[in-house]
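J.: Modelling step: build the complete structure from the supplied sequences, incorporating the hints.
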Amino acid sequence: MKKNIMICLTLSIALSQAGCSDFLEPNPRGFYTEENYFTTEQDAINAVQGIYGKVLDENFAGNDDTKYEGCGDDILAISDHHAWDPPVLYFTITPGDALLADRQWPVKYEVISRANLVIMNVPNMSRDQISEAIQNRCVGEAYFLRAFTHWWLYLIHGEIPVITDVDVKNNNYNKPKNTIDEVLGQIEYDLLQAAALLPATTPAAEGGRVHKGSAWSHLVQLYMHWSCYDGKDAYLDKAIEAGSHIIGNPDYAMVADFSDCFTLRNGAINTEVLFQLNGDNGMEYNNNLEKGYFWELDGWDGWCWYWPTPDLVAAFGTDPRLQKTILRDGDEVRTYNGGSKTYTVDRSPTGYAFRKNAQYVLTDGGDFRHELSAVFAIMRSSDVYLLVAEAKIRKNGTGAGDAEINAVRSRVGATTRTGYTAADLVLERRLELAGENRRFFDLRRWDRCNHFGGVNIATLLSGDYNGTARTFQVPKHYFFPIPQNQIDKTGGVLIQNPAYQ
Amino acid sequence: MGGGGQSMHAESPQDGKIAVTGVVSDADGPVIGASVVEKGNPGNGVATDMDGKYSLRVSPNATITVAYLGYTTQDVSVDGRTSINVTLVEGTSTLDEVVVVGYGVQRKRDLTGSISHVKGEEIKNVAVGGVGGAMVGKVSGVDFVTGGGAPGTGPALRIRGTGTFNSPDPLWVVDGVVGSPLSNMNDVESVEILKDASASAIYGTRAANGVVLVTTKKGRNGEKVNVSVNAYTGVTNLAKRIDLLTAPEVATLRKEAYTINNSTNDDYRDFWNDPNWATQRTDWQDAYFDTGTIYNVDLSIKGGSEKSTFYTSFGYHKETGMISPTLSEHYNILLKSDHYIHKRVKIGQNFQYALGKGVVQQGSIRDVLRYSPAIPQINEEGIVAGVYDNGGSRAYLGDINNPILYVQNGQDKSELNHGLSGIVTLDIELAQGLFIKGNYRASASITKKREFYPAIAGNQPFPRADNGVSLSRRYEDGYGVLAETYATWFKEFGQHTVNLSGGYTAEKGGWGENFSAGRAGYADESFDQLTLSNGQTVTGAGGEFNNEWSLSSWFGRAFYSFDNKYLLTLTGRADGSSKFPKGNRWGFFPAFSAGWRVTEESFMQDVDFLSNLKLTGGWGSLGNQAIGDFEYLSTIKKGAGSYFDYNFGGNQTSGSSLNHLGNHALTWERTNMTNLALEAGFLKNRLNATITYFDKNTEGMLLATVEVGTMGTLEIPKSNLGEVNNHGVELEFSYADRVAGDFTYAANLNLTFIRNKVTKLYGGEFDKTRYIAGDKYGNAELVIARTFAGDPMGSFYGHKTNGIYQNRSEIDTDPYLRNESADKRASIQPGDVRFVDINDDGKVDDDKDRTNLGNPNPDAIIGFNGNLGYKGIDFSFNVTANLGFEIYNATRMDGLSSNFAYNMYADQMGRWHGEGTSNTLPRMLMAGGANANDNYRISDLFVENGNYLMLRNLTLGYTLPKNIMNKIGVGSLRVYVTGQNLLVLTNYSGFSPELGFSDQGRGVDVGNYPITRVFTGGITVDF
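First to last, the protein sequences are chains Y and X. Taking the working numbering, the leading residue of the first sequence gets 1, the next gets one more, and so forth. Taking the working numbering, the leading residue of the second sequence gets 1, the next gets one more, and so forth.
You can trust all of the hints, since none of them are fake.
Below, simulated DSS-like cross-link-like pairs (lysine-lysine); rule was C-alpha separation at most 27 Å, straight line:
#1 Lys638/X to Lys169/Y
#2 Lys177/Y to Lys238/Y
#3 Lys637/X to Lys169/Y
For the chain X half of the interface with chain Y, some residues (derived, Cβ under 8 Å), not all of them:
#4 Ser552
#5 Arg585
#6 Lys638
#7 Gly650
#8 Thr713
#9 Ser719
None of these hints come from the bench; they were simulated from the model. Computed from a prediction, not measured in an experiment: that's the story for all the values here. Where a beta carbon is used, it is the ideal one built from N, C-alpha and C, also for glycine.
T.: Here's what the structure looks like:
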């Protein structure tokens, strides 16, 4: 009798407790969650790939960031059919019409979101799931790309909310802006993590993945911008120190032919290009890199929006880089698979076009088409040489950057000398990096830094622009407003840049 | 008094218990429904049957307590007798009734929480609305929000106000096991509604919106087999119609529009001058609304032996709607039995199967109200016409289909559901008063859906001739298991009474899968040929696993009373849910309540008029986990996706895509509730009154996180953000008496006053930048209901108006428009609506001049019902009223808009058409023409008072004299007629002030299936 009762009792408790240990663990099927997705090396690699994929978005590095190049004095940007361009180009921008940035804002944070997923999960993978080398590489790539994206938000807006893995854990997305020091500090942290975790170089078969050189070079760039704020001169030393990982390092040597940095295709790499975006021939349009179309000529498959100003062309003088950078009337254009066409002055509103950034392919019918697999150089070693030279000139005056400047000039066969001044450095960067989205942000930096090299941005960038008078106001136009739409969504958490309030 | 009868020892050889049977009677004869309970074991009790008989298994030395409303409760020692007849004398008693509480039962007098009780008898044979619908008006504190009049639709229960935007439905517990509402209401023995935190905390995380405990009927030990057959049939129809313009009126008004707008659209003029369009041909409401029918048959057989009892029931219920081809059809089987497998071990079996079929409405009621009355229902070729075949009519009559076109062409949107549930229960008496109990359930559901769109043939050239004949099918199944084991202990010693229960429950549900497929292009559209294989092109195929969830909980309740005066209940439940991240997975939900039975005090003994006075109060915290299963985790799919691919070193590679962002900080939504109640009985408890105050705060309500750019571009997770307060007062009065045996009567009045307010959304109470959008309405996707912090849920939001501009000078000198441009003022015409410049900036703009226009949540909910019995005649009524709320009549807003080409409400005859003609209805506009002032934007013009009083149920029955029946071998026979929704007193101009319900669109009349008036007649026979 007692026995029967005990049997029932035991049975009932056993039934209730069945599978108790992991009873509350969810069991997703048909898809993965971050808890069960990261189980193999390939899973980590694929998750990282999604970060790179989003950087190509036309609202990010794929195109929209290039528009800011048009704010400078090197490029006349013309794209009449986009309402969001004129307020940026003519410095009439208000929070309400910051439409370009409004398109970009969520896309950039999407890249950050994908990077955070990797940063939160891949480090927890066990050794039997992933090798140390791939684990470090994946996490390093995520840190680098998170830094790169925050960097671009900083370049446009200055103070922005930084979103890290800690915020994701706390579901803390509706954040107030971080200060400039906090933003740059987070970027520095991420780049240092990347520099520590990433491999020194990337094998050709993985061409396009970032490596230590990518991280160090971006650190140099970061420090130089940071050093232009009051009381931040100490960052010059950090820039020089970070640059020492690049300068003289054969892994990151400048290549013999300057042009080789702008004719890479199909994921090819060289030592000089430290960070690049790879186009692809086969992927659907949506996944592909559109950047090239906007530099390529109408009729040759391009929708060219960016034209060199006569001022830029004049600045080259006899510099050998002119021929490699700019198309002038009668210049011959070739493609990697043959064919030759002649550029004529009537194709451009300024009379000139860019050779850099435009890569064509010859079709069977003899036409030029956009080369889908074109590679875009986002950071080159020569940039680092000139940033370090700038740091040294700022520290020690005229002549202090001679070695680095001469290294850059001699590579292209330009004359070398000693005693380069700040103004010489300013010119050298303009010529070496024309069309590489440096000029406008350089001008801003130099202007802020007691008009380094005599740069006065208000003078340089005010005046006629494509038939419209524009005025650059200091310091208002150092940064662009945060789009009102994004501020509205936060219900008052995000505060507008005071210059635009 | 006292019990007499035979005294015969007939101890069962196995369990030592004996079955005691007998008759309970009073001076006039047998008493039906008296409660007979083993003293000290409130779970062991029965009610007397039609003949006053009872049967109860007790130990030979037990005491039984016999109680009945209006009579003195008696304790009778069994002393080994198997037959005990009891004669009751008038006195007080209801307090000894036993009430079902979560995981146990309690004596009513011991309750310290807030529980409403409805007897199965009170809700039987209610033809439409299900168990929920049958309870409308019977209990306080519950807002029964109608689901509309479509067949098979019941109301949504909002217990003590809507507490959250996330599944505010209460938890249903059937026969002690968490389940779903029962579809055969005639199986219901009783329903208890747990309203406050103390009563419902034993269900912890699932109880934030209240708990409905349904107890089904069962057989009794020693009861002879009873067969009961019940059948009724009836009709349903539309209770009210909307007055619309006739075709000549439409033509007149359209011509007026041409004139007053100085139109030069000659095609328009010529069209309306054609007498064809001024000829009245069809009343589309007549064509569309038919008479619905109801059939119901249910059969139950119950009985019991010494050791076993059983209850078997079969139910069939069919409603065809007043809108063809809507249908709801249910088959239900309930099989229950209890067996003592040992003198102290009882097992129970409970098997339920329900088969349901539903066909939902196709045509839109909005279209019925808008389709041209000049179009014949059947055209010259004898076919159902689209818009009449006349070139260009679309622009003038509106681009909508004949509302009965698709129905007539065989469009079909239907669903078939199978629901299965098997429960085994275990009941072990370890010692006197100490029980171990268990419930083990497995359940399954299968749903098959079918949607067919017929071809709309070419000989009906307009509109939307549709050759895309398509059939789609969907299959879904779902499974769940539950196991729970708990112990209860009841002990009385001296002045102390202790009742403890506690245990563990684990539930897993939601697993299963779904798949669907569709094909288009069918050569033969007859029903029997419509298989997917006969379709030509695949239009879709897909399927997924359902998301599985699990819940694991420990619960306990301790009740203690001292001297029957001082009562204390402590309850707690710890819940772990798979829906939350590891660190936030477990939540603890405590509650306590205390009571003081004032009338037990010695100083009250001389107060004669007061037979009972009890003061109770308590506080508790409850949870809600009604959110998606993987909200806290980011979800990832392998394989290509946009912007996930990349070319590394010349190799194309596909990445994995992150497609849902997780909220890693997600946790329980929590509802804290305070409850204070005073319960009083007068006139020997014939009159009972209860007044209850409650205050219910929901915190951390899960809301869709506001999409901020910093989240990126992904679907965003919910966050614990909002707060809602509901507070109010409930009053219940009941009176019951029996006069001289033949005449009985009872009445029950309950009133509920609730204030609902969303106290926090994204910011503080005064953050007016964020709101929760209600359902979108119409093609323009208007968001009429917008809940801002500080407002009641679902408040209407729009412009205030102040009359109609009567002439040009009123426009030009209107201070509301003083800062508008001259062009803007010139665009406004006499006859346009004068919208109020709320912020007084001299402009009327959308972003600054809109405000709260009304609240769809009633301030007061009233139920009044009662019954009379005289000899064989029984009569009952139920009246309900909802007061203090508004309705946004969106259907009328469209029905008045002359800017649309459709037919309009008859009210339009009272439009403005010259100075002084109207100050409420604007002028005629050209259909599709200029509407610079946007007269039909969301405004208070279309807000109406929703107050109503409804005669919800009236039943008249007659039970034939027993002596006649017995001669023909029938135990009893009752015939009855019932009317539902018979009369509505309201000023509301739409079909009904009770609208179809959606949580985010309450009180917005979008033209849902109107509630129906129902007449039924039936017969119940017991053998």
